[in-house]
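The task is simple: from the sequences and hints, build the whole structure.
For the record, the sequence lines run as chains A and B.
Here the first sequence is numbered in the working numbering, starting from 1 and rising by one per residue.
Here the second sequence is numbered in the working numbering, starting from 538 and rising by one per residue.
These aren't lab readings, by the way, just hints derived from the structure by calculation.
Bear in mind the structure is a predicted one, so any value in this text is a computation, not a measurement.
Glycine is no exception: its CB is placed at the ideal position from the N, C-alpha and C atoms.
Accuracy of the hints is not assured; some may be wrong.
[Claimed, not checked] What follows is a set of in silico ranges between Cβ atoms, one per label pair, in the way DEER data are often shown:
#1 ASP541(B) - ARG375(A): 18 to 28 Å
#2 TRP460(A) - GLY574(B): 34 to 44 Å
#3 TRP587(B) - GLU379(A): 44 to 54 Å
#4 ASN585(B) - SER423(A): 45 to 55 Å
[Claimed, not checked] Some chain A residues flagged as far from chain B (calculated, every beta-carbon gap over 10 Å):
#5 TYR41
#6 PRO99
#7 SER104
#8 GLY168
#9 PRO175
#10 THR213
#11 SER336
#12 SER343
#13 PRO406
#14 ASP427
#15 ARG442
#16 ALA456
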Amino acid sequence: MNDFDVIVAGSGASGIMAAQTLAADGARVLVLDGGRRDDHYAALIPRKSFVDIRHSEPEQYRYFLGDAFESAAFRKLGAGAQLTPPRRFIIDAVAESLPVRSSSFTGLESLATGGLASGWGLMCGVYSDAELERASLPVGMMRDAYQVIADRIGICAADDDARPFACGALQRIQPPPPLDPTAAVLSKQYARQRGALRARGYHLGRPAMALLTQPKNGRSATQLFDMDFYSDAGNSAWRPALALEALRRSPNVAYAGNALVTRFDERDDGVALEALDLEDRSARRYNCRRLVLACGVLGTARIVLRSLSTARVRLRLLCNDYTYVPCVVPSRVGRSMPERNNSLTQLAIFHDPSDDARDIAVGTIFAYRSLLLFRLLREMPLNVRDARALMQYLLSGFLIAGFDHPQAYSDGKELWLESDSASPTGDRLAIEFALTGDECTRHDAREREFMRVLRALGAWPIKRVHPPLGSSIHYAGTLPVSNEERPFTLAADGRLHGTQRVYVADGSGFTFLPAKGVTLSLMANAHRVAAGLCEAS
Amino acid sequence: MSLDEAAVFGRYLLGCDVNQRSRELYARAARELGYDGDDAVSRFATRNRWTIAALDGALAFTSPHAPLRAKLLLMSAILETQPEYAAWFLPRDRRLAFGLATALRVLRAGAEALAGLVLLRLVR
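See the structure below:
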């Protein structure tokens, strides 16, 4: 007896989009997730601008530093290190429930409602046809799916040189928010050198963002409070939890939180699913006609490995290598900053050296203010007193430039399950991830050239910082799409080979990971997989 | 002890006496984060306030995660989130002369850090 037509495991960007498509088609859907959410800090944060809060709110330390002052403690650089206290629920209970052994990879997983996209930087990137082909995603179907997702979440972008890379042919795009004055210096310099930079493969413009600048479906336009890393006031930023809330009002959608899906067992008439209750550690069981796994690439790999194999199977892994470069724009130091602003990506620089959109690297430019000075002071080789005075002076001209590299399959990047008696599931994920010598050389050359471009645009790089591999939080490729019915691969429609009723709707099937933010493509792919399921049934 | 330490650190960081609330928050945070242990460099620095900048600067080079640095950064974070001291941390319009004065300040900090390296060997 199947209780549901489809169970969607995971409520992150992929899971929620799959659930939304299935529910709209009338399927009886159950959404399962870890259920972690912030029910503490959100209520403390007033609907005021960052500057206003700083000047007037005596309790601000609670959400800026945390009630246990956890953000003020030294923390090793790595994935999640910059999460602010109101966003730390995203990684709540992960260390004990989803253990990982790795000396070379610092990954991030989530048991939150909304998954990692609860803290997503909102940057969207439509993959080019060449990138879709390299990722083994069907071009025509993905094009349609991107538009469906853009209409659901609301995207803003400008009509500039970045638009073809960020938005492709998307329609119904909202205008971008105002540009930060320091980033505007780079934009002006780019306009002056546009021809030369484009000839070198560099295309600069405003990024596409899942941020409303005009009201849509009961959500407000951004009020530019510059509190983007702390609060989702007005719901101008799209978050999966928002979509889940709306879905739960549908009569054909059920939801169960606190569930860590551990394994599935396919039967003749459906799929039996096992989950661990994260509160009392008891076992839960569910039955459905079809299962859609959308637990994130690492989470889905755990479930599939547990369910399909007893031997030690190794799966390949893709992850974007990421570097960031703090910069100073000299013409902007010693100035005030606008009270109304946002902390999200201000500019995107797409580097397409071969002009065929196959191997695009992506630079992103952020202004820095709302993460507070103390995080910068920790990194400075100067006494704290004078570092504070110096950074206060430099801050208005301070930018962080990030740089993501595309990633194809190569040696030295694998994961597998191994037993772990201390883990609630009796196992843990082991990950080996190292760049090859060739990748290191190529990335280094590209980053050096990127820094030269930054200088040409008027931003002086201070240093290059290489966070640990895995910090980009973009993962893919563990269960690659394959035309052959091989174990641990997916069919083109997302079905897990070797099964008839289990589908994977996250990034596990991508056979190439473009450098553009992966979230929009995860959502489009999840919609495509779910739409295929609707059609089949 | 932490309250006294907070008063010393607050004065060092902002050049003025900081309010009671900031001191109490520092004491609470130091307890929460386990920064309230006794270490020789912090003890020496709080007893000899004129040495803090030198020791802080030297540690920034040699041992950035040292307890004294961790405590100073914690106090800085707490002061940054107090409305009374927001003006010390938020950017504002400055004349070029201020930039030159800041550059001189950084040079002085470098010289102090060199002296701090010697001092650090003695204190440890």
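Evaluation of the provided hints:
Against the hinted window of 18 to 28 Å, the Cβ-Cβ separation of ASP541(B) and ARG375(A) comes to about 27 Å, which satisfies the hint. Between TRP460(A) and GLY574(B) the beta carbons are some 40 Å apart, a value that agrees with the proposed interval 34 to 44 Å. The hinted window of 44 to 54 Å between TRP587(B) and GLU379(A) is violated, with their beta carbons roughly 26 Å apart. Against the hinted window of 45 to 55 Å, the Cβ-Cβ separation of ASN585(B) and SER423(A) comes to about 50 Å, which satisfies the hint.
The Cβ of TYR41(A) lies farther than 10 Å from every Cβ of chain B, with a closest approach of about 14 Å, so its non-interface assignment holds. Annotated as non-interface, PRO99(A) keeps its C-beta farther than 10 Å from every C-beta of chain B; the closest such distance is 24 Å. No beta-carbon of chain B comes within 10 Å of the beta-carbon of SER104(A); the shortest separation is about 22 Å. For GLY168(A), the shortest C-beta to C-beta distance to chain B comes to about 37 Å, beyond the 10 Å cut-off, and the non-interface label holds.
Its beta-carbon lying about 27 Å from the closest one in chain B, PRO175(A) satisfies the requirement of being farther than 10 Å from that chain. Every CB of chain B is more than 10 Å from the CB of THR213(A) (nearest about 25 Å), matching its label as outside the interface. A beta-carbon of chain B comes within 10 Å of the beta-carbon of SER336(A); the shortest separation is about 5 Å. Distance to chain B confirms SER343(A) as a non-interface residue, since its nearest Cβ pair spans about 14 Å, more than 10 Å.
At the 10 Å boundary, the C-beta of PRO406(A) stays outside the reach of chain B, the nearest C-beta of that chain being 34 Å off. Look at ASP427(A): its CB is around 32 Å from the nearest CB on chain B, clear of 10 Å, so calling it non-interface holds up. With a least beta-carbon separation of about 32 Å from chain B, ARG442(A) lies farther than 10 Å from that chain, consistent with its non-interface assignment. No Cβ of chain B approaches the Cβ of ALA456(A) within 10 Å, the least distance being about 24 Å, so the stated non-interface status holds.
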